[in-house]
Structure formats: structure tokens, C-alpha cells
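Chains as they are written, first to last, in our numbering: chain A, 1 to 247; chain B, 1 to 223; chain C, 1 to 58.
Note that these hints are calculated values from the structure, not bench results. Hints are not guaranteed to be accurate.
A short, non-exhaustive set of chain B residues, derived as facing chain A with CB atoms under 10 Å [what the hints assert, rightly or not]:
(1) Met125
(2) Gly149
(3) Ser179
(4) Ile220
Note that CB positions come from ideal geometry on N, CA and C, so glycine has one too.
The lines below spell out each chain.
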Amino acid sequence: MKINWFKYAAPMNFYSLSGKLIPLFWVAAIALTLIGLYLGFFTTPNELGNGMKEYYKIIYVHVATVWMAMWLYGMMVFWALIGLIFNTRLSYMMASATAITGTLMTFAGLVTGAIWGKTSWGTWWDWDPRMTTYLILFFVYIGYISLQASIDDTRRSDKASAFLSVVGLAIVPVIYYSINCPDPDQCASLHQESSFKGVESNILKGMLITTLGFWMYSFAVIMMRTRNVILKREQKTSWVSKLKEVS
Amino acid sequence: MFSAFWIILKRDLLLALRRRNEVFTVLFFFIVVISLFPMGIGSEEKILTKIASGVVWIAALLASTLALERLFSNDYEDGTLEQLALVPQSLSIMVFAKIVAHWLLTGLPLVLIAPLVGLFYQLPMDTVGTMMLALLLGTPVLSMIGAIGAALTLGLRGGGVLLSFLVLPLYIPVLIYGSGAISASMAEGLSVQPYLLLLLAFMILSVIFAPWATASALKISLE
Amino acid sequence: MADFLHMGGYGAYVWSSMGIVFFLLLLEPLLLVMQRKSIIKDIKRIKRMEQRTKSHNK
């Protein structure tokens, strides 16, 4: 069965396809999150070998939100680039739909990260490279949303924020590098080294499955938002006035 | 191609000379900000020498975002900018000329006023020298990167604050290595060379990419 | 069960983390559903007004 992907670049077709997919994504999101958290909470020890007590179980949501924050930014830039290169309306709509979900994930990551920090290192906040760069990511997301909100003309605001997101992508690694290595000869960090070596498999499964659940959630929510944007922008078209929900 | 550069450069400098106050307000903003820190934090020599490297750069960043609003706004308001975008010469070259003029008027003065910072913050002579060199390398980067933000926020209400908010995170690497250079010059046994080389690298990269990026952003804003 | 909630003394931290995350994850779709309803309401209203002017102009 040959699927013509370009058909779904038209808002009208995307609207109907996503309408059917959204409930599936919701089911997947809820199922995966519940499984991930069940594994994480009920099949894992109460205390880890390195002295971490039960608070370590925050990690399931913390890691999930942080990864989503970063990947959603990447997805946003992807759609932004498609829009800038091919000038497709729908890709711009998806980019801006992704932004808000990404911002919420980033915020959730900051809060859970602060709580995690308080429990495992004793401090709510520390200006270490990963955390600081993550805070900058939050600022970049907010900047994207502010810029889009300040421009009335839809075409200009779509393109300008798309452009900004690409600039952000270019600069964030440089920022990370400069904070991590303020002395060019010396690089340092407090944030836990990637904790995947020697992690009990159920904890790992819990993290990965919960993250997958959050991915499904993100797809569902971004599609919902994109459909709203489509309805709003295309309200004068005939296909919208023929929709079941509008008659 | 280069004649377009010189024409725009001369024009912008000439226009700015007729509005000299715009240049001076940026400079005095910088001076006021560096004067505020000792009042707010403390004026003992130990404190001053410790915070000087960060303070001078933060003041430079803020002064830069203030100055950026003016980069395109005058030409945008009287329609000249749209004309420039339509002309067959490369918009990137003309934008580059505008940024250079802008830097000469708002960035270079900061380099020249650095000895005053040295005076206020009781810094040794060779640190002041490093500071001037670091500012000389870093302020062009601020103007170049900032121009992209100025182009994106062209003509928007609430533009100045939005511009600052968008551009300040982009300045962080310059802040870190610029202040690092100054701190290193005050510390025993540390070399400033790696910092200055990094700043030089930033400057070269921004000169290569920023005018083109700014021109693209201008085209988006002018549609 | 009480042990589960207590989380070895760290209950407040763990549950507030989970709480904030799920609060946000539920808030967003809720707001989106409300937004969708309001957009559809607007479209219907405009449609009705247009139909009324059309029948007037006949």
C-alpha cells in the first residue's frame, strides 16, 4: 500500500488523519506511562547501592520530562526548517504547536530537577553546566513563544519564530561548552554522570517506558493543538464549513 | 561589491554624527551601570577586583542590547531599509556595513573607556590592557549576533525588551570567555591567550555568518 | 500502603514531583479541549451570521 505522504501536508487532510490518530496516542500514552511507573515503583529496591534512598524514584518523571524538553525542541526545529525550506503552512503550525508542549516539559524538568537536587545533593539549584544550559533552553522556548505572540502578521510570525528556533539550536551547544569549560583547559561538572552504567534493569525499563509514554502524550497533545490552529486559520475555507462539528 | 560596503558605512557614520546624542547615551549607560555595582555590592578593593571582570562584561552586554534597537529602526521607519533590500547589491554586504558602523559608534567607545573601569575597580595596568583587548574582540561579536535579533524584532511594539530577552542568552559564551580573560590576567600563573583566541574565533565566525543571517531575518521582517 | 506514601521519609518530595508533572500533563489537554470548543463556537456563529445575510440579500 503506497501512502502519499504529501497528501497530509495539506491542512485539510492532516486534520482528518490526526483526528483518528489522537485517541490511539492517548491510549498508548496512558498505558505506557502506567506500565513504566508501575515497574519503577513496585519492582525496584527501596534503596540503591550508592546510598540513594527512595527519593531516587523521582527520576522516572524527571528524566522523561528533560528528554522530552530536548527532543521536542529538536522536533520543533525540524518542522521550522521544513517550513523555511519548502514554505509549507502546516509545518509552521506544527512547529508552534510543539513549542508550548516543549515549554511545559522544560518547566516540569526544572521543577523535578530542583526537587531531585534537594534530595540527592542537598541543594535546590546549582549553576552547573547541564542545569544552567537547561535553564537557557527554557529561556529560548519562552523567547520563541514571546516572539510569535508579538508579531501580528501570521506569515512573518511563523517565519521569524522558525528562524529564531534554528538560531537557538546553533547557540545552545556553544553555551553548554562555554559554561562547562569556562577555562578552556579545564572542564568540570556536578550533575550526575550519565547514570546508565550499572543501573538496575527495572529502573532503566521504568525510565525508558515512562519516557516513551511521554512521547505518545506529546504526539497526542501536539496534534490536538495543531488541529486547533488549523481550525482557526482555515475557518474561512469551504472544507471547514462542511465539517461535521461545525454544522 | 565593496563600494556598496563603503557607501553604506560612510552614510551611517555621517547620519550618526548628526545625532551624536544616541552614541553618548549608550556610553553613559555603560558608565552608570558599572558605577552601580560597587554601590550595590560593596566597594572594598577585594570585592571590586573580584567582580570587575563580570561587571564590565554584563554592562557591555546590556549597553549593547540597548544600542541595537537603533541599528535598523531609523532606516526602517523612513522606508530606506526596504529600498536597500530591493537593490541588486548583496543585502548581506550592506548589513555588514551597517553593523560595522554601529560597532564603531557603540562598541568601540566601550573599548576606549575601559581604563575608567580600571580606575573605578582598582585594577592593575596589565589587566586593563587585557580588558581592552578582550572588549575589542568581544564587542564586535555582540554587535554581529545582536543584529540578528534586531532584524527579527524590527518594528515590533515592546521591541526593545523583547530584543534584549532574545539576544542576551546568545551572548553567554562571550560573557564567560570575556570575563574569564580578565580574571585570568589577575590570577597568578594563568595565561590569557586561550581566552583571547576563543574570542577571536567567535569574532571570525560571527563575521562570516551573522551578516547573512541578519539579511535573511530582515527579509522575513520586511515581507 | 502507608510505607508507600511515606517513601522512607521522602514522600513529600516524590509525590510533589509526580503531582506537578501530572498536573501539567492534564492541564494542557484540558485547555486544548476548551480552546477547540471556543473556536468551533466562533466558527458556528460566523456561519450563522453569513447565512442570515445571504437570506436577507435574496
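Hint-by-hint comparison with the structure:
1. For B/Met125, the interface hint is violated, since its Cβ never comes within 10 Å of a Cβ in chain A; the closest pair sits about 23 Å apart.
2. With its C-beta approaching chain A no nearer than about 9 Å, B/Gly149 sits inside the 10 Å limit, and its interface hint holds.
3. Interface restraint check for B/Ser179: the shortest CB-CB distance to chain A comes to about 9 Å, inside 10 Å, so the restraint holds.
4. Interface hint at B/Ile220: satisfied, since its Cβ lies 4 Å from the closest Cβ of chain A, which is below the 10 Å cut-off.
In this structure, only the earlier hint numbered 1 is contradicted, and the remaining ones agree with it.
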